[in-house]
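Chains as they are written, first to last, in this note's numbering: chain A, 1144 to 1462; chain B, 7 to 281.
These are computed hints drawn from the structure, not numbers from a lab.
All figures in this text were calculated on a predicted structure; none of them were measured in a lab.
Keep in mind that the hints are not guaranteed to be accurate.
[To be verified] Computed, partial: chain B to chain A, Cβ under 8 Å: (1) Arg211; (2) Arg212; (3) Gly234; (4) Phe235; (5) Asp236; (6) Leu242; (7) Arg244; (8) Ser245; (9) Thr255; (10) Ala258; (11) Leu261; (12) Arg274.
Every residue, glycine too, gets a C-beta built ideally from N, C-alpha and C.
Residues per chain are reported as follows:
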Amino acid sequence: MSEKRTMQINDTLIDDTFAEAFPMKATRLVITAHTPVWANHAAQSLTGFATSVIGCGCEAGIERELGPHETPDGRPGVAVLLFAVSTKELAKQVERRVGQCVLTCPTTAVFSGIDPATSRAPLSDNAPLGSSLRFFGDGWQISKMLGETRYWRVPVMDGEFVAEESTVTVKAVGGGNLLLLATDTDAALRVAESAVHAMRRLPNVIMPFPGGVVRSGSKVGSKYAAAPASTNDAFCPTLIGLSPKSELDAEVGCVLEIVIDGLTDSDVGAAMTAGITAAAGLGRAGGVLRISAGNYGGKLGPYHFHLRELAAGLDGRRA
Amino acid sequence: MSTTTLRLRSAPGFRVDAAGLLPSALTALSPAEIGRIVLPAGNERCEAGELFDISRTEGDGTDRAALVIEGDVAWLDRLGAHLAEGRIDVHGSSGSHTGFRMAGGELRIDDDTGDFTGCQMSGGRLTVGGNSGDFTAGPLPGDMEGMTGGTLTIQGNTGTRLGDRMRRGVVLVCGDAGECAASRLVAGTIGIAGKLAPHFGYGMRRGTLLLVQAPASLPPTFTAGGKGFDVFWSLLVRSLAAEIAPFSTLKASSLPRRFTGDLAVDGRGELLLVG
Chain A
1144 MSEKRTMQIN DTLIDDTFAE AFPMKATRLV ITAHTPVWAN HAAQSLTGFA
1194 TSVIGCGCEA GIERELGPHE TPDGRPGVAV LLFAVSTKEL AKQVERRVGQ
1244 CVLTCPTTAV FSGIDPATSR APLSDNAPLG SSLRFFGDGW QISKMLGETR
1294 YWRVPVMDGE FVAEESTVTV KAVGGGNLLL LATDTDAALR VAESAVHAMR
1344 RLPNVIMPFP GGVVRSGSKV GSKYAAAPAS TNDAFCPTLI GLSPKSELDA
1394 EVGCVLEIVI DGLTDSDVGA AMTAGITAAA GLGRAGGVLR ISAGNYGGKL
1444 GPYHFHLREL AAGLDGRRA
Chain B
7 MSTTTLRLRS APGFRVDAAG LLPSALTALS PAEIGRIVLP AGNERCEAGE
57 LFDISRTEGD GTDRAALVIE GDVAWLDRLG AHLAEGRIDV HGSSGSHTGF
107 RMAGGELRID DDTGDFTGCQ MSGGRLTVGG NSGDFTAGPL PGDMEGMTGG
157 TLTIQGNTGT RLGDRMRRGV VLVCGDAGEC AASRLVAGTI GIAGKLAPHF
207 GYGMRRGTLL LVQAPASLPP TFTAGGKGFD VFWSLLVRSL AAEIAPFSTL
257 KASSLPRRFT GDLAVDGRGE LLLVG
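Here chain A stands alone, though its shape is the one from the complex (with noise of 0.2 Å):
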């Protein structure tokens, strides 16, 4: 374990390691409404129960609160990204969750947020987000080309919900994270709310679970043949000693992970540095022991983020 640790900034320690991540199928969804609280009444509502492909079908966030002067319609709106496994399964939560959670929200409209034209990352199939949700008009739905951009008007209780066509999908990257080791839950908390709050200020990513923090990470299998994933017990505090896989000392009292989904490697690594950056400035005052990562010994994903890279900008020294 001790070779793992290789740099300190604030004394607290950067494991020489790395996340690995997958690809993914992503989108993002402009939110558009009356006002900037049902905008958000109808975000919330969308990116809920998607915090892990592996039980919600697509991990989904909030990216940011967007100006009327930002919004297709001229409203105050919300962006959100979802991803998936693929641009087939993107599509089946694109629909269900549009059409459950923003047709039936009052005043919304929704927009394909992503440009084709400045996308960085790789452009997928679109997805159906109006051409699906119009057959709820019953027949009396109206399309609307308006420049090269198709929308359905779909007559609702409160007027019209109006819906592009599809949705631009791209291949992203998801599964980035940052395990976050602290003397006790106070700190690991701390810690992990002040990286989640500098990670979201960044365009492109987001970090799907519950507050942007995740307590359970998993590992992939289980004693139990049905169990897919299971408890990461090597960062588990209450199995130091038990587990033959610890990683952890006796001195840390609390594991935190964050995990981010970003439209390309470099906005999950942008989130990764900033998350570090912000964890570490904490240092080990502030009860943040060391900065790790979960991996699956790099066989599975292609893309790798070296903490100890992403930390090389930051004023930190060797061990």
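Since the structure of chain A is already known, use the hints to place chain B on it.
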């Protein structure tokens, strides 16, 4: 890219078909070769060199071929027919079927155009500085679809049957429209800033007829279209912001009155009355 200029030498006493004068095709030819292009003229034929003085300017700073016609060529029909790329500028009037089935590029007429302007056009931008004739943006007689894409703007007035059987695209008229404007409209957007002759929206199935001036009366087969279309109106206003006035000056905050029809057919068309 090069600009080919055709300066009118003398008008023939008959109509001439200009469908063969497309800028991208002319770019590959020398002025002498262009002069030998044979243009159909009813039962007659004539060479382009008999009608125009032809010159060429290289390197206009753009990446698209251009054709400029200087002079009043109201006898020149089918100008810009099947235009897919490049630009045509006419410093004068042009004949009938201007922009017939054009699919892309830009066609600009400084003065008037004849009947069937923008007939069955599917893309690109056609700008008329003066008036256009009957059946603008419509179909050929007997065909099922008129204009299916692109943008057609007319600074002056139009004749009868504007946008007949139009299915997609945008037509904006600053002046008045003749009888049966937007008749049998399938979809698309037609904006008229001036006065309307009777029978507008006749047989209109879907689509949007945007009227800057309220007509004296509405067709009896239209009904009140309700409210709650703010989002669509905002999108429409924004899409027209770069177009000609008064359409470019519409405000998203000022919701028009809406009527739907023609109830004699599908009835999902809409009249938006701004005035």
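Taking the hints in turn, this is what the structure says about them:
| no. | hint | in the structure |
| --- | --- | --- |
| 1 | Arg211 | violated, 11 Å |
| 2 | Arg212 | holds, 6 Å |
| 3 | Gly234 | holds, 2 Å |
| 4 | Phe235 | holds, 5 Å |
| 5 | Asp236 | holds, 7 Å |
| 6 | Leu242 | holds, 6 Å |
| 7 | Arg244 | holds, 7 Å |
| 8 | Ser245 | holds, 4 Å |
| 9 | Thr255 | violated, 16 Å |
| 10 | Ala258 | holds, 6 Å |
| 11 | Leu261 | violated, 11 Å |
| 12 | Arg274 | holds, 6 Å |
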